[in-house]
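Trainee: If you want the building blocks of each chain, they are given just below.
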Amino acid sequence: MIKKFCRLLTATGVALAALVTLTGAATAQTPIVIGSKGFTEQLLMAEMTSQLLAANGFKPDKRTGMGSAVLRQALESAQIDMCWEYTGTSLITYNKISERMSPADTYAKVKELDAKKGIVWLNPSKANNTYALAVRKKDNPATAGIDTLSQLAAAIKGGKAITFAVNAEFPGRPDGLPGLEQFYGFKWPLDDIKRMDTGLTYQALRDKQVDVALVFATDGRIAAFDFQVLRDDKDFFPPYALTPNVRKEVLDKNPKLADLLNKLSAKLDDQTMAHLNAMVDVDKKSVEEVAADFLRSQQLVAK
Amino acid sequence: MSGILSGTLVAIALALWLWLGGLLPGIWQQAPLVEHLLWPHLYLVAVSSGIAIVLGVSAGIVLSRPRFRDHAEASMQAINIGNTVPTLAVLALAMSVLGIGSTAAIVALAVHSVLPIARNTFAGITAVPASTIEAAAGMGMTEGQILRRVEIPNALPAILAGVRTAMVINAGTAPLAFLIGGGGLGELIFAGIDLFDPAMMLAGAIPSSLLAIALGSLVGGLAKRMTPRGIAFARA
Numbered sequence: 309m310i311k312k313f314c315r316l317l318t319a320t321g322v323a324l325a326a327l328v329t330l331t332g333a334a335t336a337q338t339p340i341v342i343g344s345k346g347f348t349e350q351l352l353m354a355e356m357t358s359q360l361l362a363a364n365g366f367k368p369d370k371r372t373g374m375g376s377a378v379l380r381q382a383l384e385s386a387q388i389d390m391c392w393e394y395t396g397t398s399l400i401t402y403n404k405i406s407e408r409m410s411p412a413d414t415y416a417k418v419k420e421l422d423a424k425k426g427i428v429w430l431n432p433s434k435a436n437n438t439y440a441l442a443v444r445k446k447d448n449p450a451t452a453g454i455d456t457l458s459q460l461a462a463a464i465k466g467g468k469a470i471t472f473a474v475n476a477e478f479p480g481r482p483d484g485l486p487g488l489e490q491f492y493g494f495k496w497p498l499d500d501i502k503r504m505d506t507g508l509t510y511q512a513l514r515d516k517q518v519d520v521a522l523v524f525a526t527d528g529r530i531a532a533f534d535f536q537v538l539r540d541d542k543d544f545f546p547p548y549a550l551t552p553n554v555r556k557e558v559l560d561k562n563p564k565l566a567d568l569l570n571k572l573s574a575k576l577d578d579q580t581m582a583h584l585n586a587m588v589d590v591d592k593k594s595v596e597e598v599a600a601d602f603l604r605s606q607q608l609v610a611k
Numbered sequence: 012m013s014g015i016l017s018g019t020l021v022a023i024a025l026a027l028w029l030w031l032g033g034l035l036p037g038i039w040q041q042a043p044l045v046e047h048l049l050w051p052h053l054y055l056v057a058v059s060s061g062i063a064i065v066l067g068v069s070a071g072i073v074l075s076r077p078r079f080r081d082h083a084e085a086s087m088q089a090i091n092i093g094n095t096v097p098t099l100a101v102l103a104l105a106m107s108v109l110g111i112g113s114t115a116a117i118v119a120l121a122v123h124s125v126l127p128i129a130r131n132t133f134a135g136i137t138a139v140p141a142s143t144i145e146a147a148a149g150m151g152m153t154e155g156q157i158l159r160r161v162e163i164p165n166a167l168p169a170i171l172a173g174v175r176t177a178m179v180i181n182a183g184t185a186p187l188a189f190l191i192g193g194g195g196l197g198e199l200i201f202a203g204i205d206l207f208d209p210a211m212m213l214a215g216a217i218p219s220s221l222l223a224i225a226l227g228s229l230v231g232g233l234a235k236r237m238t239p240r241g242i243a244f245a246r247a
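Each protein sequence line maps, in turn, to chains P and U. The first sequence begins at 309 in our numbering and counts up one residue at a time. The second sequence begins at 12 in our numbering and counts up one residue at a time.
To be clear, the hints were calculated from the coordinates, so they are not data collected in a lab. Misleading hints may appear alongside valid ones.
[Stated by the list, open to error] Covered by chain P, per the in silico footprint, the following chain U stretches (three or more residues, Cβ under 8 Å):
hint, stretch
1, 109-122
2, 179-191
3, 195-204
Where is the CB? At the ideal position from N, CA and C, for every residue including glycine.
Construct all of the structure, not just a fragment, from the sequences and the given hints.
Mentor: Quick look at the structure:
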């Protein structure tokens, strides 16, 4: 009885080992792991990259839905091979630099600093997905007459109760709420700040549950929900150029990668991104469909 | 006794790990935010548990009535859906109907924790020996009096066990309310995950867990005290 069992066990073990070796040999190519954050633009970029790479002989593997800090950790520790990051995020949050620079200088600075960590910044796109604060254009007495962040700061300092919908990260980042408060010289009362999932801030503002919402500049819902973006008159927010980040080793092993990603990067700007985001968030099309249509229309993949 | 011993050992191990990992100062830093979020969190748990108890006990009693008993199992399966469907799905469904905010979160939490109460109420009442009911009827009690003075007191240990389970499930699930804008300690947990800040995460997770444990012990103690002596004697 036991002898039979042992024989069966050995046979299974040998079979498994053979299977693993064979599959290992067949798929000798290592996958390219694409990481991304959780909001629509990031999901679109991950999907577009995945489809683009697959059409060019690579094996993409997507890991989506991470917070910025987690994504950065994953890239630095080689758990992912690439992602699409924003220049300002790296400057202020990852590299802890507080001085503001032009978009070109911001890009140059993060490229230089991150190169030391083995992270290569490829060509930046023209899409600047900065943080912004938005209000409803009409029917809100709480924010009537407020068009700039200075005016907002003044109103809050003057004791006006203005509620703010933010995501989980913003109150914890130096280029987020703490930095904004310090820069404009005000303190938003804790009771007026409602934290929620990133995508829900738009709904909260539209449904009149808050007075101000944190938005991303290239989100299609700003136009669709008739929001007004408050002007950053003192230029607190840095430039946030959407750029591919790839680990140096991966780039060295796959030189074709740089060319492909740069080609995609060159096709993106604020309007294009807003349009693509709107198709997912407002028209409710799937991320896969929007990504595929875009790649085909830009002739990055064959029809 | 062994429960208290093992609980204390676990608490000591946790405290040691936190201290050695240097996480304690970080957790302590979040104290103002914890205090700010604790009351909305308690409100979520309290109201949703209250709704679940009222609905669950009522459903359990109604289904145990002789004319409904045969269809009880089918109805139980219907209630079971609220429990089997993944919590996130229940929250998302509530959000799509009621919009974001604490109302949707309360409804979702209540729906998710109704089953243990309903099932235990039903089981407790139907477990009352037929001889006891007959004796009560023989003494001239009406159906209503039998329910109030015989069935429910006998079923109380089972009902309270169901309430205890439901409240612990509820307190454990409440952090997810953050995802649909329901607020509560989940804010700290999810912010901690996104910002890769273990201290922040724990500052949210530890009070939530303590709440679940406290509620469990509270209801457990209440159950011991509320069980009429005659029943306790019979159970023992």
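Trainee: Are the hints correct? Go through all of them and say.
Mentor: Okay, the hints, checked on the actual structure:
Under the rule that three or more residues need a Cβ within less than 8 Å of chain P, the assignment of the stretch 109-122 of chain U holds, with 3 such residues. Figure legend: the stretch 179-191 of chain U, annotated as covered by chain P; annotation consistent (3 residues with Cβ-Cβ distances under 8 Å, at least 3 required). For the stretch 195-204 of chain U, the stated coverage by chain P holds: 4 residues have a C-beta nearer than 8 Å to a C-beta of that chain, and at least 3 were required.
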